[in-house]
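These protein sequence lines map, in sequence, to chains Y and P. Per our numbering, residue 882 is the first one in the first sequence, and the count goes up by one each step. Per our numbering, residue 882 is the first one in the second sequence, and the count goes up by one each step.
No wet-lab data here; the hints were simulated from the structure. Heads up, some of the hints might be wrong.
Because identical chains cannot be distinguished in the list, a pair is counted as satisfied if it fits within a single copy or across any two copies.
What the hints assert, rightly or not - The calculated EDC-like cross-link candidates involving lysine to aspartate or glutamate, where the alpha carbons are at most 16 Å apart (straight line), are: (1) Lys1066 to Asp1106; (2) Lys1140 to Glu1183; (3) Lys957 to Asp1028; (4) Lys1140 to Glu1181; (5) Lys935 to Asp1137; (6) Lys935 to Glu1061; (7) Lys988 to Glu964; (8) Lys1066 to Glu1085; (9) Lys1083 to Glu1057.
Protein chains: 2
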Amino acid sequence: MSILVTGSIALDSVKTPLASGEDLLGGSASYAALAASFFTPVKLVGIVGDDFPKANIDLFRSRGIDLEGLQIVPGKTFRWSGEYHWDLNTRDTLSVDLNVFADFQPKLPLSYTDTPFVLLANIAPSLQIHVLDQMERPRFVIADTMDLWIHTAKAELLQLLTRVDMLILNDSEARELTGETSLIKAGNRIRSMGPQYVVVKKGEHGSLLFGPHHFFSCGAYPLEDIHDPTGAGDTFAGGLTGWLAAHVGGDVTFADLRKAVVYGSVLASYNVESFSMDRLQRLSMEDIEARYTLFKAMSEFEVLG
Amino acid sequence: MSILVTGSIALDSVKTPLASGEDLLGGSASYAALAASFFTPVKLVGIVGDDFPKANIDLFRSRGIDLEGLQIVPGKTFRWSGEYHWDLNTRDTLSVDLNVFADFQPKLPLSYTDTPFVLLANIAPSLQIHVLDQMERPRFVIADTMDLWIHTAKAELLQLLTRVDMLILNDSEARELTGETSLIKAGNRIRSMGPQYVVVKKGEHGSLLFGPHHFFSCGAYPLEDIHDPTGAGDTFAGGLTGWLAAHVGGDVTFADLRKAVVYGSVLASYNVESFSMDRLQRLSMEDIEARYTLFKAMSEFEVLG
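Please construct the entire structure, taking both the sequences and the accompanying hints into account.
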């Protein structure tokens, strides 16, 4: 089944200890849509300016991404610039220019409104709600968020939580949102705020999936070298939702979600191994399946031999 | 098969945000021996003063631990005192009094020298080597260590590494010992220093097991409340080695070590749930097997239903 992805579409300027680049395709929806497109047809909702390079449009098209919901308006595309510290665990945001994004009012094409799976990638909760308002009873809605919205738009975020099936956020955000230091308590607390399922991402330590009756602890795929963490969380969310939409026929089960979390981790692990979207662009389904198999073997408690 | 455990035997004074106690049974060998005793006969090598409470001797005896290698000498038992911060992730050592431990020269009873499995729990590497020198070709030797020895006795530690089958250490120690920020690189680098196998413990995030051809990523058992982290690493090492000695007939395989790491994690997870050794003392094999089963279920990528 197809998925709708909304979020930011940006031109990023990124500097890591080993590489740098200007006006690179970025934004939560770009990474998420590209990751999801390996598994299922994607419909993109977002906004860019008339400076948005045609090469990026071509890239989306080459992945079969439906762009009817992409608004191209006069003005400049949203721009973000950041620099990573030597260990790649922390970064400084150098500048954020909302540009055309400042007046974004998502308007869904009619062909989008009955999309069964929805990924509200990281943008302001009010925009995520605005998209959701236009949907006709989606089967499964996943939202991603970030610390900025916990600090500046908590009321809208809490409202959003009552309307989604799953929230994805990282460990420090889960602690901030709930005031709990234990991630186990934090995950369960967030479930009581609305979403049936919660994923807490722990960066290099993997992720935790919380559900009504089950819990899943997923280690991280072991990487020797990380080159650029930009978009890792968005790629995880896109891979997770895309795999789910492609493989779930009836109701979404916890068993489905376990595998979806692992596929999200696999996509994210590839993404951070190269600068910008380089690796995602030349990824194949064979690469994805090979790493899934290896990852599973590395995490099994009991094996033969 | 039986295991020999050496390390420190101490009287601890511990203060956590919720509890405190004086002259509690502690030390790396005490926790490790108790944990191992759930699986297999244990022979203890260590030293205490004549102030060592008889109740502690009785506790060891009640777990079937062989005390022929325990020296009881005139003077005071090794004492350690520490206080945990509010989040239990950091602690201050308030005092260390070596007392009788200062002149400890481990002397193995003849009945100990052919013990097939050896756990050199955390003490000075020179003492670990001294014990190893008295052993007749043990089948599998595991050493635990800590940052103190990396800083003050690195030469001896490096010498020890060439003589053990497995080293256990935590993430920051692995980084300090190798200068690598990536734990994957650090684990592999330590293997090149001698041990065939390395376990890197990541606290609440689980552990990583490195071998010649395989890698195992073990998440942590999800705990809502941690009461006292004292002895967690020693309990992990003891549970791991004890399970291995009890269940391995021929050569130790990577499949054996995976399960041993999980059993070590299970023992450690119980230990930190209560103050001091309270939980370890009233633990049963049924408790251990129940948590192993649950832990496995929580970590599986693919399940039915």
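Now for the hints, and whether the structure bears them out:
| no. | hint | in the structure |
| --- | --- | --- |
| 1 | Lys1066 to Asp1106 | between (32 Å within a copy, 9 Å between copies) |
| 2 | Lys1140 to Glu1183 | between (18 Å within a copy, 7 Å between copies) |
| 3 | Lys957 to Asp1028 | neither (26 Å within a copy, 53 Å between copies) |
| 4 | Lys1140 to Glu1181 | both (14 Å within a copy, 9 Å between copies) |
| 5 | Lys935 to Asp1137 | neither (37 Å within a copy, 55 Å between copies) |
| 6 | Lys935 to Glu1061 | neither (46 Å within a copy, 42 Å between copies) |
| 7 | Lys988 to Glu964 | neither (33 Å within a copy, 58 Å between copies) |
| 8 | Lys1066 to Glu1085 | between (21 Å within a copy, 14 Å between copies) |
| 9 | Lys1083 to Glu1057 | within (14 Å within a copy, 22 Å between copies) |
In the structure shown, a violation is registered for the earlier hints numbered 3, 5, 6, 7, in ascending order.
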